[in-house]
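Undergrad: Here are the chains, one letter per residue:
There are 2 protein chains.
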Amino acid sequence: MANTDSLNVRVFSLNCWGIRYISKHTTQRYAMIGELLSKEEHDIVLLQEVWSEKDYLSLKKKLAHCHPHSHHFKSGVIGSGLAIFSKHRIHDTFLYRYSLNGYPYMAHHGDWFGGKAVGMAVLKLGSLTANVYVTHLHAEYCRDKDSYLPHRVVQAWELQQFVRHTSAGADVVILGGDLNMHPEDLGSRLLMSYTGLRDSYLESAKFDGCEDGMTLIADNAFIGKGSIGPFEKGIRIDYILFKGSSKTDIYCDFMSTTKGSAPDHAFPYSDHEALTAALRVETHTPSETQRDGQRSSPNRDAAAGKTAGLVDMVTEARTEVKVGLHCAERMRRTATRTGAMGLALLFLELAIAAVPWLALGAEQPFPRTSFYLLAALCFAILVTTALLYVFYSTELKSLQGAEDQMRLAVGGLQEQLRGSAVAQPHAGQRGAPEGRGPGARGPEEGNRVPLTDPMK
Amino acid sequence: MANTDSLNVRVFSLNCWGIRYISKHTTQRYAMIGELLSKEEHDIVLLQEVWSEKDYLSLKKKLAHCHPHSHHFKSGVIGSGLAIFSKHRIHDTFLYRYSLNGYPYMAHHGDWFGGKAVGMAVLKLGSLTANVYVTHLHAEYCRDKDSYLPHRVVQAWELQQFVRHTSAGADVVILGGDLNMHPEDLGSRLLMSYTGLRDSYLESAKFDGCEDGMTLIADNAFIGKGSIGPFEKGIRIDYILFKGSSKTDIYCDFMSTTKGSAPDHAFPYSDHEALTAALRVETHTPSETQRDGQRSSPNRDAAAGKTAGLVDMVTEARTEVKVGLHCAERMRRTATRTGAMGLALLFLELAIAAVPWLALGAEQPFPRTSFYLLAALCFAILVTTALLYVFYSTELKSLQGAEDQMRLAVGGLQEQLRGSAVAQPHAGQRGAPEGRGPGARGPEEGNRVPLTDPMK
Chain A
59 MANTDSLNVR
69 VFSLNCWGIR
79 YISKHTTQRY
89 AMIGELLSKE
99 EHDIVLLQEV
109 WSEKDYLSLK
119 KKLAHCHPHS
129 HHFKSGVIGS
139 GLAIFSKHRI
149 HDTFLYRYSL
159 NGYPYMAHHG
169 DWFGGKAVGM
179 AVLKLGSLTA
189 NVYVTHLHAE
199 YCRDKDSYLP
209 HRVVQAWELQ
219 QFVRHTSAGA
229 DVVILGGDLN
239 MHPEDLGSRL
249 LMSYTGLRDS
259 YLESAKFDGC
269 EDGMTLIADN
279 AFIGKGSIGP
289 FEKGIRIDYI
299 LFKGSSKTDI
309 YCDFMSTTKG
319 SAPDHAFPYS
329 DHEALTAALR
339 VETHTPSETQ
349 RDGQRSSPNR
359 DAAAGKTAGL
369 VDMVTEARTE
379 VKVGLHCAER
389 MRRTATRTGA
399 MGLALLFLEL
409 AIAAVPWLAL
419 GAEQPFPRTS
429 FYLLAALCFA
439 ILVTTALLYV
449 FYSTELKSLQ
459 GAEDQMRLAV
469 GGLQEQLRGS
479 AVAQPHAGQR
489 GAPEGRGPGA
499 RGPEEGNRVP
509 LTDPMK
Chain B
59 MANTDSLNVR
69 VFSLNCWGIR
79 YISKHTTQRY
89 AMIGELLSKE
99 EHDIVLLQEV
109 WSEKDYLSLK
119 KKLAHCHPHS
129 HHFKSGVIGS
139 GLAIFSKHRI
149 HDTFLYRYSL
159 NGYPYMAHHG
169 DWFGGKAVGM
179 AVLKLGSLTA
189 NVYVTHLHAE
199 YCRDKDSYLP
209 HRVVQAWELQ
219 QFVRHTSAGA
229 DVVILGGDLN
239 MHPEDLGSRL
249 LMSYTGLRDS
259 YLESAKFDGC
269 EDGMTLIADN
279 AFIGKGSIGP
289 FEKGIRIDYI
299 LFKGSSKTDI
309 YCDFMSTTKG
319 SAPDHAFPYS
329 DHEALTAALR
339 VETHTPSETQ
349 RDGQRSSPNR
359 DAAAGKTAGL
369 VDMVTEARTE
379 VKVGLHCAER
389 MRRTATRTGA
399 MGLALLFLEL
409 AIAAVPWLAL
419 GAEQPFPRTS
429 FYLLAALCFA
439 ILVTTALLYV
449 FYSTELKSLQ
459 GAEDQMRLAV
469 GGLQEQLRGS
479 AVAQPHAGQR
489 GAPEGRGPGA
499 RGPEEGNRVP
509 LTDPMK
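The listed protein sequences correspond, in order, to chains A and B. By the working numbering, the letter at position 29 of the first sequence is numbered 87, and the numbering carries on one by one without gaps. By the working numbering, the letter at position 263 of the second sequence is numbered 321, and the numbering carries on one by one without gaps.
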């Protein structure tokens, strides 16, 4: 660990609740947020729910002096709502849209229209490459009967895949955003275990903020009682996560959240609390001997235990996805049947209409009004069910795809467990299957941390 | 370059044209393809247009002895059509769905329903990590008036981003598939320049196949004259691309294509020709001095020239995307206007209906039939235009997103040009802006190759 350099990075994350004309006091709150950011001059600002391009542009203008670099990630019908502001030059950006994101007909929930995604920006922090991710997962509207759970689990799965596969070359990895998942939720566990990202709140040497790091609290004036369900005081669903690499170690020196109010203002910045983490990045020249020494660490039982834990976790995720699959299949079957009934009704109607005309002539008065109304109804049913069929087919494909990937992951992990149980000699060897499991952070060698000490 | 090891990898790629009930002789052709693959036992088989899960599963069964590992990538309504079969264990897979992919109402072109994507599989080739990509881009139906060009350019842009950002940790990178782009097309140039991938056909020491490496040829019995437009003999749109890393060099020893017929069969394997590339991977221990020596290479003019070329290329891509933006905006405006007209018509009709009822009483006979027909028409217009509005908004967001990213890329490249013109001393330093351009293959250090010799 010779040549240690130290670098401080202050990261801010906030779900801005920026739905124009619907969110309360949007304009004033954006002004407050702009003021706060101008004053605090964080290195990296990660915002969610910046739905309006206009609001983004006005923030950009206001922050030009302190955050000259920024990016607004666009997707879906109204945008992803994700934005990043940075003191440091943004060299590259990339957006991954989650394959599942609620239902378009649940317009009052609006998630589908937002095109939820994870945005990535590649920055330079001094001589270090930092991959910064900002994301916002599907909201949880009812924890007891969460019909979006399979979608959110698949989003968490895709998020860990994206971070893992794109961060191989990064010296510093930072992820911030509204995950809409509690710390112990399946999706959070998947994300943390697979990527090796660490939670600022848990890691911070010092913390000043809401109890238990909560970010959606009852004391916030914008929070309705319904949003936090059975949780009296609040929940923790917003995070700043980080990890280093073989070249860097990262520590969280201080973390804070707002506490349901903004100083000198009548109302808070948002319905979510804002998070700030002061990270310290220590650079060192990795010494090969040391790394090899770490790798041949004898604590294999712990590694096997961890792998077994991962098997359980992915199996749990597969179960959730399968629940989603059954649900989507049922919905598609219902759409098919309803469509078939609509078609049958149309044929029946045509037959009834054809009988008096062809057989009995025009003696009886033809019930025109009912005929046209019924025909319109049949057409409406046919069109709606066709659209729903297409939508559910897409949902099914995405769920099946995620399930396939999870099955592959479980297979690999089990292979790994068998391998470590049977043949120990190969364990330290580069490229041995032991190193390819999710405990390793992606396919890279440089970032790979041994399974025995994955949370280092 | 001490400790050089050599490894041979045979890669196969074919667009299978597997549209059940529509493609000709699908069952027989799949049987032929299965036979061929069983006999040839390639290391990696990349297939496109395997639309049916059943066909994939029957291939999987047939190839179980020679290709025990496989994956079918699922997306869209009917699937991505992408499949990979491998001799070597697949450790991980990941799918990136392109944000733009034609129009759902162009059902006869079908691309939208296919959910075009790029699939990635992480394999182990001996001790090396190989990232293998398989993709299929939007088809070109009319080269002169290609309304899908902006979509295909954005797909190529996203493809290069995906490959660049996910391949940082790989020792070997292989991409195969039907790019639906000629070698000199903008999208091909973007992909090759940004990723540093090399074209097997151009690199191969020996080639046996169609003239100019064509993969869609007039001599193929399934090819209609229209598909290849003004190109008399055919076009080259299928590729096997590859690149090594700081640890590996890759060479293509031999490449072949089928020539419009299958030996001992009445018809060819597909409407596309199959590609086979014999790659040789040489592993060496990278010597720091040598890499530093390369990096301080004095050939800066060539690097600046290359960067300037990239600026032109990305600018050209931006122009295409802007054309797409204008088109999408026009279409959305048209949808909005038509919807407004539908609404106006509905109100007018209601007003007309209300007048005799309210003012004149029921003396005049009310034209019920026309009333209901017109109302149904108005509703149909409203629903259709609402759906189109949503669709075009999504298209706009994706195009704007791509344009933003391209603008950022051009800015970075120009900065780089200015940097290299003004301040030369920093050039070799790690993390200097010179190294962050697209000439560098992603944010990784290990894989970074100096701009002066990017095609090495």
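It is possible that some hints are incorrect.
Copies of the same chain are indistinguishable here, so a pair counts whether it falls within one copy or spans any two.
[Claimed, not checked] Straight line, CA to CA, 16 Å or less: simulated EDC-like cross-link-like pairs of lysine to aspartate or glutamate:
id, residue 1, residue 2
1, Lys120, Asp204
2, Lys283, Asp63
3, Lys118, Asp462
4, Lys145, Asp204
5, Lys182, Glu473
6, Lys283, Asp257
Keep in mind that the hints were calculated from the coordinates and are not lab data.
Undergrad: If a hint holds in the structure, say so; if it does not, say that too.
TA: Hints, verified against the model:
Neither within a single protomer nor between protomers do lysine 120 and aspartate 204 lie at most 16 Å apart by alpha-carbon distance, with minima of 39 Å and 42 Å respectively. Taking identical chains as interchangeable, the C-alpha atoms of lysine 283 and aspartate 63 are never at most 16 Å apart, the minima being 47 Å within one chain and 65 Å between chains. In this assembly of identical chains, lysine 118 and aspartate 462 lie within 16 Å of each other by CA distance solely across copies; the values are 14 Å between and 42 Å within a copy. With identical chains, the CA atoms of lysine 145 and aspartate 204 are never at most 16 Å apart, being 39 Å at best within one copy and 42 Å at best between copies.
For the identical chains of this complex, lysine 182 and glutamate 473 are inter-copy neighbours only, at 14 Å across copies versus 39 Å inside a copy, given an alpha-carbon limit of 16 Å. Taking identical chains as interchangeable, the C-alpha atoms of lysine 283 and aspartate 257 are never at most 16 Å apart, the minima being 27 Å within one chain and 60 Å between chains.
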